[in-house]
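K.L.:
Sequence:
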Amino acid sequence: MATIPTRQIQLLCSKTCFYLLMLVLPPTGFAVQMHAQPSKALQQLCDKVVQNYVKPNDISYGIAIGIIDGTYVYQYYYGKISGRLPQPPDSSTLFLLGSVSKVITTSVMAVMDNEKQISVNDTITRYLPDSVAANPYLSSVTLKKLATHTALLPKTPYNLPATLIQPEDTYGNYQLTDLYRFLLHYRPTSAVFKKKNSKQFVYSHTGIGLLAHLLENASGKPFDSLIVQKLGAICGGLPNTAARLTLAQQNRLAPGHRFTGTEIPEVSFASMYGSEGLYANLPDMLRFTNACMRLKIFEPALEPRFNTQMPDVKVGWGWYVIMDGKRQPAIYTHSGKTAGYSNYIAFEKERQVAVVVLSNSDNRIDKIGIDLLDLLLR
1 MATIPTRQIQ
11 LLCSKTCFYL
21 LMLVLPPTGF
31 AVQMHAQPSK
41 ALQQLCDKVV
51 QNYVKPNDIS
61 YGIAIGIIDG
71 TYVYQYYYGK
81 ISGRLPQPPD
91 SSTLFLLGSV
101 SKVITTSVMA
111 VMDNEKQISV
121 NDTITRYLPD
131 SVAANPYLSS
141 VTLKKLATHT
151 ALLPKTPYNL
161 PATLIQPEDT
171 YGNYQLTDLY
181 RFLLHYRPTS
191 AVFKKKNSKQ
201 FVYSHTGIGL
211 LAHLLENASG
221 KPFDSLIVQK
231 LGAICGGLPN
241 TAARLTLAQQ
251 NRLAPGHRFT
261 GTEIPEVSFA
271 SMYGSEGLYA
281 NLPDMLRFTN
291 ACMRLKIFEP
301 ALEPRFNTQM
311 PDVKVGWGWY
321 VIMDGKRQPA
331 IYTHSGKTAG
341 YSNYIAFEKE
351 RQVAVVVLSN
361 SDNRIDKIGI
371 DLLDLLLR
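Sequential numbering from 1 applies to the sequence shown in our numbering.
Fair warning: there could be bad hints in the mix.
Okay, derived cross-link-like pairs now, DSS-like style, lysine-lysine, Cα gap no bigger than 30 Å in a straight line [unchecked claim]: (1) K326 to K337; (2) K314 to K155; (3) K221 to K55; (4) K314 to K296; (5) K155 to K367; (6) K314 to K326; (7) K349 to K326; (8) K314 to K144; (9) K314 to K40; (10) K337 to K116; (11) K55 to K155; (12) K55 to K40; (13) K48 to K296; (14) K314 to K337; (15) K221 to K296; (16) K116 to K48; (17) K296 to K144; (18) K314 to K55; (19) K337 to K367.
Think of the hints as simulated: they come from the structure by calculation, not from any bench.
With the sequences and hints as input, model every part of the structure.
P.N.:
Take a look at the structure:
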């Protein structure tokens, strides 16, 4: 394998960083120390995979790659934050997670279920205002159905277009009152209604977005507090994972980019942050991924529960589980592309190998993560 110099600015303006992650993993209280150790071979592997998908002279955005291999963690940074900020991203750079937000939301649910604060079998009407809960079509919908995309709610709420102001800021004006109004008047189509007791998978931003609000209602706390209290304490701290960024965090947010390379104005998620609107940096996502990969408390979220429309892919609580009969054990994964960002997260529990890829571009980077994971597991 040919060496790709990390100082070859015309290639990718690549920067490699290594950090020590101390992950305290309850309930055993056992601290797993993730050792940061430079690896020239791994550096070259990442460089080559990235080069396969990114034109060397055209990259106008940043890519952050994190790898966990047993107790070792590696971080690599490529490209530049933007045309205005030509420096590469680093460990402090924040990205919009898009649909990867879903597995954070369902992980909060898993912890609250473990703590008996809620039950995943609770109907959603238990945590809705009485006026909204009066809709009889909601009476059979449970938290678990929201988490597994089997509640048969639509991908996006039917009344979303009426609130749209800017096409690229899809949820910016969609308030909680709009979501409740949708639920109050929700009527499944006749075809869906016939299947209301089925286990049909219907991918739904609506359902996971609603789930975050129900967890807030159940706890009486804003979702950012739930991330800190329910996940941060378990994962070893998630100080940069949030739906609402501080001013200091906003200054570290990499702007989203269209596939053409132009910047997208910052978007907002008035009520749908649990589905697509959480932010994080690479170190936080590595801590989160490591905890999901190792801890018993997250095992229910990873259990493959229902089939999807994709062959050999099942769904757990938010997570996709790839079980193709050829690769054993399973791969747990999620990805997303939202508002000028594209992200990928995947891991294999038995060998404790994980890959996280974050980018601030509409260009899908799934293949970078998929190829890296495949090479690491060979």
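K.L.:
Could you run down the list of hints and mark each one as holding or not?
P.N.:
Each hint, compared with the structure:
Note on K326 and K337: the hinted pairing holds, with a Cα-Cα distance of about 28 Å set against a maximum of 30 Å. Among the hinted pairs, K314 with K155 is consistent with the structure: their alpha-carbon atoms are about 18 Å apart, no more than 30 Å. For the suggested pair K221 and K55, the alpha carbons sit about 45 Å apart, so the restraint of at most 30 Å is broken. Between K314 and K296 the alpha-carbon distance is near 20 Å, which keeps this suggested pair within the 30 Å criterion.
For the suggested pair K155 and K367, the alpha carbons sit about 24 Å apart, so the restraint of at most 30 Å is met. Restraint check: the Cα-Cα separation between K314 and K326 comes to about 15 Å, which is no more than 30 Å; the hinted pair holds. The straight-line distance between the Cα atoms of K349 and K326 is roughly 16 Å, inside the 30 Å bound, and the hint therefore holds. Our distance criterion of 30 Å between C-alpha atoms is met by K314 and K144, whose separation comes to about 15 Å.
A threshold of 30 Å between alpha carbons decides the hint, and for K314 with K40 the separation of about 36 Å lies outside it, so the pair is violated. Between the alpha carbons of K337 and K116 the distance comes to roughly 34 Å, so the proposed pair goes past 30 Å and is violated. A threshold of 30 Å between alpha carbons decides the hint, and for K55 with K155 the separation of about 33 Å lies outside it, so the pair is violated. Straight-line distance between C-alpha atoms of K55 and K40 comes to about 23 Å, which keeps the hinted pair within the 30 Å bound.
For the hint pairing K48 with K296, the CA-to-CA distance comes to about 35 Å; that exceeds 30 Å, so the pair is violated. Distance hint between K314 and K337 is fulfilled; the C-alpha atoms sit about 20 Å from each other, no more than 30 Å. Distance check on the hinted pair: K221 and K296 sit about 25 Å apart at the alpha-carbon level, within 30 Å; holds. Simply put, K116 and K48 have alpha-carbon atoms about 47 Å apart, too far for the 30 Å limit, and the pair is violated.
Restraint check for K296 and K144: satisfied, since their Cα atoms lie roughly 18 Å apart, inside the 30 Å limit. Under the criterion of a C-alpha separation no larger than 30 Å, the hint pairing K314 with K55 is inconsistent with the structure, at around 34 Å. Proximity of K337 to K367 is assessed by CA-CA distance (about 13 Å); at most 30 Å being required, the pair is judged to hold.
In this structure, the earlier hints numbered 3, 9, 10, 11, 13, 16, 18 are contradicted, and the remaining ones agree with it.
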